[in-house]
Amino acid sequence: MEAFLPVGFLLIFAVLLCIGLFTVKRLLGPRNPLASKLSVYECGVATPEGSARAPFKTSFYLIAVLFLLFDVEAAFFFPWALVYKESLVQGPGLLIAMLVYMGLLVLGLVYIFRKDCLKLN
Amino acid sequence: MEWTDIIITAIKTAVIYLGMVQVVPIMLIVERRGAALMQDRPGPNRVGPFGLFQPVADVIKMMMKEVTIPRQVNKALYLLGPFLVLFPASLVVAALPFGDFFTVFEKNYPLQVANIDVGVLYILAIGSLGIYGILFGGWASNNKFSLMGAMRSSSQIISYEIPLGLAACSAVLWYGHFNLREMVYTQEGTLMGVLPNWGIFYQPLGFLLFFISAFAETNRLPFDLPETEAELVAGFHTEYGPMDFGTFFMAEYMNMATMSGLMVAMYFGGWHLPWISDATLLQWLGSRNLLAALQVLSVVVKISFFMLVFVWVRWTLPRFRFDQLMRLAWRNLIPLGLINLVITAVIMYFRGAA
Amino acid sequence: MREILFVAFSLFTIGAASGVFLARNPVYSAFSLILSFFGLSGLYLLWGSTFMAMIQILIYTGAIVVLFVFVVMLLNLQVNRENPSNLLTLGISAGAVWFFSLILLRVLTRAIPNKIPEIPTDQLRTISKLLFTRYLWPFEVLSLFLLVMIIAIFAITRTQEIPHGGEQR
Amino acid sequence: MNFPTSLTYWSHFVAVAMFALGLLGFLLRKNTIVVLMCIELMLNAVNLLLIETSMRTNTPDGIILVVFVVTVAAAEVAVGLGIVLNLYRLKGSVNLDHFKSLQG
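Those protein sequences? They're chains Z, Y, X and E, same order as listed.
Following the working numbering, the numbering of the first sequence begins with 73 at its first residue and continues without gaps.
Following the working numbering, the numbering of the second sequence begins with 2 at its first residue and continues without gaps.
Following the working numbering, the numbering of the third sequence begins with 20 at its first residue and continues without gaps.
Following the working numbering, the numbering of the fourth sequence begins with 40 at its first residue and continues without gaps.
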């Protein structure tokens, strides 16, 4: 835990940098707001059509869900990778354990590709 | 911990952090001149000798420009957006090793902000926070282009985080350590007498995966879909003013430097010079601090090399399409990452059994 | 030093958690959730569990909340106009919770001695070894569980389109 | 009454307050997504207690339990939000008051 103390310094410096950037922006930049300057940026049309806050398709959600599940699975590889080297003297137990684990993960991947869930093709 | 320790650590942190921030102006000129070189034109060469003061002019221009906060934005998150990107980019620097030790008042201090024993996990974890700035900034802008750019950018970043994690995982597997410093220690010496004992020779596939994913993570050109200026104007920072754009830019370059630093530490021997061991060098130089300076120089040279590669690739390769990008991540890189993990594990098993 | 940090992180975490509960806009709720998870990982760090602190950031902050934010942004709800009396109830109950938990804890934790644990040096390896020896079967089952989840999610979201939606790319 | 500085005290305080906030949000909020977030808060309160106990008594089993809880929480969120998306598709709202078709 002591090792993380310098991260605190870094945090402070980062905050200082952010505050500095913010004040520089505030102090140096001129301001003369106009109605058209402050309106939504649109390309080709004078007035923006509809709100930007309209629902999307769910395919982004599918990407995020897959990321979540695979991230959790990948996170379990890390403790395994850490102790694998030392466990080698005790035979292939850990290797087999991880191959089983990874086999199930690969099954999931195969399912995704088969069903073309991400609409990749 | 004594007071001197704390002060020296603070100064060390400040120096390393400022060094990382310096990457931004340097890269500003390098990138513009590099682009010019590749497109066979002079590039910015008016301000100062060889245009070297161009970044200064650019920064002054950014500062003096008008600040507009569009009417439709959610103000708090809009203002916070750029800093939410810059913050993780700054924190990630902590785990990068720049050298072995330097000595002040007969005491050794590691040339690293914090010697974290879960270094790789730390970088992956904090690095993954950068997408919140993009998401919230894009959403708070309340603009179709921004939101679209933010969604695209974040789905790209999260998709490529998995191959990145898998590649890092096989490096961890090979070294048996999370700690980047320990990884670098293992890479000293030579391999079979001719090659430097660097990670890339043990993990070529892992390095390739990491390299590709690093481009995607930092939103650099073959994968700069969030910014596709032809389709999305400027992506998630469409509604942002010059200084906020500068902040996003800064975060991007710092992320690039961190990714390069991570690659150097994991695959390119960190601070080690090829073929020469640290003990020999210490004998030649005779001073610990001189050696530390040389090590820092070595890391800086290696990082600069990768930064140049980033620029080089940017002006060489065309941009991917969104579905190609996703296919590359899910169809090719993730299975390759798993295969790499299995190959590494099996090789290690047979090496250990023999 | 450690105590001060601990108290600061505790208050930060609870403040952020009440933000989740009180914010009207789900985007602000999600933002508070990120902050409170960040504070929690700081608490884990102060307890000496670096591994869990990193997992907390990597999985919770870096993945689970991303999913929340994605869904909130995909649906892009107009700010929910919950009636003011409801909001008042929310605020009052939040205050009551703070107060009662404070009193409750003063009573509950009296028996536990104030002791800062000495942190074992290589806790990471201990945990990892334990995970692959004593907890090997739960670990394998977890993989099966995640596989089932992948299939389940695609079964649920088979029909992709949200009506009256904008275009995607 | 002096100001409490015990780490255990503060962990319990945070855990109880967070759990209570989560529970209240779960019961009182109408937005389904926020309700799911509040469930996460409750899970995290329990995680904090588990880690506190496991570090204080030096038994790593608690931390492994937390790892499992995190995994299950991830799966729960994934499926839960999938259901929310589907409900939104059916009803055009995520307000819990609108999901009453199962009420007798």
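Source of the hints: derived by calculation from the structure; they are not laboratory data.
Note that this is a predicted model, so its numbers are computed, not measured.
C-beta atoms are modelled at their ideal positions from N, C-alpha and C, and glycine is treated no differently.
Just to be clear, a hint being listed does not mean it is correct.
Coverage of chain Y stretches by chain X, computed from C-beta distances (three or more under 8 Å per stretch; other residues unrestricted) [what the hints assert, rightly or not]:
# : stretch
1 : 120-126
2 : 290-299
Pairs of lysine-lysine, DSS-like flavour, derived with a Cα cap of 30 Å [claimed, not checked]:
# : chain 1 : residue 1 : chain 2 : residue 2
3 : Y       : Lys76     : E       : Lys69
4 : X       : Lys148    : Z       : Lys157
5 : Y       : Lys76     : Z       : Lys157
Item to check | Pair hint outcome, lysine 148 (chain X) versus lysine 157 (chain Z) [Cα-Cα no greater than 30 Å] | outcome: holds (12 Å)
Item to check | Assertion that chain X covers the stretch 290-299 of chain Y - criterion: three or more residues, beta-carbon distance below 8 Å | outcome: violated (count 0)
Next on the checklist: Between the alpha carbons of lysine 76 (chain Y) and lysine 69 (chain E), is the straight-line distance 30 Å or under?
Outcome noted: holds (25 Å)
Item to check | Per-stretch coverage check for the stretch 120-126 of chain Y, three Cβ contacts closer than 8 Å to chain X | outcome: That given contact holds, which follows from 4 residues of the stretch 120-126 of chain Y lying within Cβ reach (below 8 Å) of chain X.
Item to check | Given pair status - lysine 157 (chain Z), lysine 76 (chain Y), alpha carbons within 30 Å | outcome: Violated: lysine 76 (chain Y) and lysine 157 (chain Z) sit about 51 Å apart, past 30 Å.
Hint check: violations occur at hints 2 and 5; the rest are consistent with the structure.
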